[in-house]
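Asks: Residue-level listing of the chains:
Protein chains: 2
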Amino acid sequence: MSTLFPAELVTDRYELTMADAYLAEGSAEQPVAFELSVRELPADRGYLIAAGLEQALEYLTELRFDEASLRYLRESGTCTPALCARLAGMRFDADVHAVAEGAVVYAGEPLLRVEGSRLVCQIVETMLLSTLNFQTLVATKASRCVEAAAGRPVVDFGLRRAHGGQAGVLAARAAYLGGCVGTATVAAGRRWNIPTVGTIAHSYVMGHDSELAAFAAFLELHPQDATLLIDTYDTLAGAANTVEAARRSGHRPQAVRLDSGNVSDLAGQVREVLDAGGLGETTILVSGDLDEYRIEQILAGGAPVDGFGVGTQLVTGGDAPALGGVYKLVESDGRPVMKTSSHKATLPGRHQVFRDGDDDTIGLAGEALPGRPLLEPVLAGGRRLAEQEPLAALRARARAEVAALPAERRRNRSPEIHHPRLSPQLQALKESLS
Amino acid sequence: MSTLFPAELVTDRYELTMADAYLAEGSAEQPVAFELSVRELPADRGYLIAAGLEQALEYLTELRFDEASLRYLRESGTCTPALCARLAGMRFDADVHAVAEGAVVYAGEPLLRVEGSRLVCQIVETMLLSTLNFQTLVATKASRCVEAAAGRPVVDFGLRRAHGGQAGVLAARAAYLGGCVGTATVAAGRRWNIPTVGTIAHSYVMGHDSELAAFAAFLELHPQDATLLIDTYDTLAGAANTVEAARRSGHRPQAVRLDSGNVSDLAGQVREVLDAGGLGETTILVSGDLDEYRIEQILAGGAPVDGFGVGTQLVTGGDAPALGGVYKLVESDGRPVMKTSSHKATLPGRHQVFRDGDDDTIGLAGEALPGRPLLEPVLAGGRRLAEQEPLAALRARARAEVAALPAERRRNRSPEIHHPRLSPQLQALKESLS
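Protein chains in written order, with the working numbering: chain Y, 1 to 434; chain W, 435 to 868.
To be clear, the hints were calculated from the coordinates, so they are not data collected in a lab. Values in this document were obtained by computation on a predicted structure and should not be read as measured data. Just so you know, even glycine gets a beta-carbon here, dropped at the ideal spot from N, CA and C. Where hints are given, some of them may not hold.
Unchecked claim - Covered by chain W, per the in silico footprint, the following chain Y stretches (three or more residues, Cβ under 8 Å): (1) 14–22; (2) 69–76; (3) 93–103; (4) 108–116; (5) 169–176; (6) 209–221.
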């Protein structure tokens, strides 16, 4: 994959067209600042969980234009020879401030600030957006599902419906960061030590002479930790076969899984069959087209469900399949700039976010305002300033920050929308440029 | 990326758990058949454009479990040593039949059939789904946008909102296959010779002392083919600055682009300004939160728009961010099998789709029914049977097949839903197993 899609070419062509223009106009090395923020939260979102910074920093610190890429850019006429020469030795040597992964953020707040030369800062726009938009989307969705599950474990099952393999693996990371307890995706287990889970599919059951035979065979192989999928033919018959297989094998399944049908009704009936058959400790897991709204609905109806596998809706964002992150020039050659497009205006200058209790204020970077500043330096001249935090620490931050939110901001339907204040200095600067 | 996410581990853990069970039970080498199909089309979809087969075949023919991956699987307890030993030498050696990329397909029709040993056929499930689901989703969305644009060019601008870099690059391929004329994504241009486009962002305009200065500078550099983005501050003032920059520089911009505001109204006003300023041949491109519905609306209102840049909604699927493709066991050790789960039942046996005029019939693989069979052999014993078709040929197929559809099936709102018939033999087999 890496040779087919070299990261340095995973960019919009206009970044290179502009870089060429900056070189020709002599502005390529002027100092600038860009900021990445999400203009508006998707519907029913009261907060975002920042995620994806680690992959963004990997991209920035490893960015190189190799000879094959440069040849393509030259021969296809995408770039001038002058730009290719500049790119050949280029490293990302700018400064980056960022909000820590796992932190709660709101609309309009910069997740990232990039300060350096115009050419270098421009050229990384597209990949930064693609990287932060996606993981923030999924981490937020995961947090919402975990909130809905009210203490019951939520696991990521989404790889098969993710937007390709890489998206599935990155979604597994973001889902864990957002509060899931594990993933089905093996590559994510290897890369980040995320707990992986997975037992059987319908094909396993169908590959045996009967469901009972399949369950008995699997219990022999996994006497301690089998999860049996019981809806291949008829869910209640599946529950009865679970009891019978346990009786014959002498092994209790850890869990049964329901993947279809009206689980709100079925879960209670399955519970009764299991309890009557001596499997009171076997838990009930549910999967199949779940999201935060459906989980809330299932639990509100009192269904005895012990855990959830969430796939499609989690890894695609479901009702909000994209986050509208933008990367905007805020300072150009020392002067603050702003865009005034209808509904798409930006704030001028370099910013800091100050969190004071539950209230955020966006100020200018040099200001000292009450509260904790959210943006911290992470790269200086392109070099990392600190070791990467373990994923478990990012996950713990996300859970703690969401737990500390006012209830009306945490809820999954019609949450209160927090609008960060602008500091008087920023307000004045904005008005002076309007 | 490839070392971080080895393709052989981009899989659900249960594939490996089942493989382990098949080995232990002695069924790993039994012959089976799986089929991949989409159970239901998303809302308002009258057809799908099959896409992603090329990447699926790359995955299958290159599949290897390398030593580092095997070590992880062993040491993490994901697989038994016996399975690791089997995987060490494993190649994908099964037969594959598939529908050609670019073909129109309907709900319930297999896009792919895999026949071989149980272990090998099971283990590739997740990546096949992830690969075909995503590109088919995007190619279909692209086709819908192109239909809505009624002959005007549509370009993919979606990378920044795609689900990571790989998703953006694969989306560019699928979008072109579905009928887009090009993409902003440079890596897709390099990999598949897709035309790439891209001129300037708002940051270019904001980086100059004035919009007029920016436009004049860019026209000097691109006297033949400049597209000027005219909505950084005020769109009509931007149109006037376009005229003035053309007058001063003596160069006519090829196009202007509007990315915000009420483009339905603005396009006409911009057209008047350009025409009055002698720029009657400068075209008007529109971007910003577009999809097939919005394009139809803009054109229905008579706005003089000459082309569209579609991003977020195209590469994420927008109103349908996932395709519900499934990979189901249809034959096990020589006998046809089926699943009867509520709302998620499957068809037993190996199938062929016969297209007779506008009507499809799903029959059994050995049947000779009227019409053209859609599934063709593509891998035999894991080896490719034919050279890859050029992407342009796949794109031409998609456009031709969509053009030939009945109008009521092509439309983007409330299309007629075609339900393929089942052949009498298949119907009888299904009933015999119910």
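Asks: Confirm or reject each hint.
Replies: Now for the hints, and whether the structure bears them out:
{"no.": "1", "hint": "14–22", "result": "holds (count 8)"}
{"no.": "2", "hint": "69–76", "result": "holds (count 4)"}
{"no.": "3", "hint": "93–103", "result": "violated (count 0)"}
{"no.": "4", "hint": "108–116", "result": "violated (count 0)"}
{"no.": "5", "hint": "169–176", "result": "holds (count 3)"}
{"no.": "6", "hint": "209–221", "result": "holds (count 3)"}
Hint violations for this structure: numbers 3, 4, all remaining hints satisfied.
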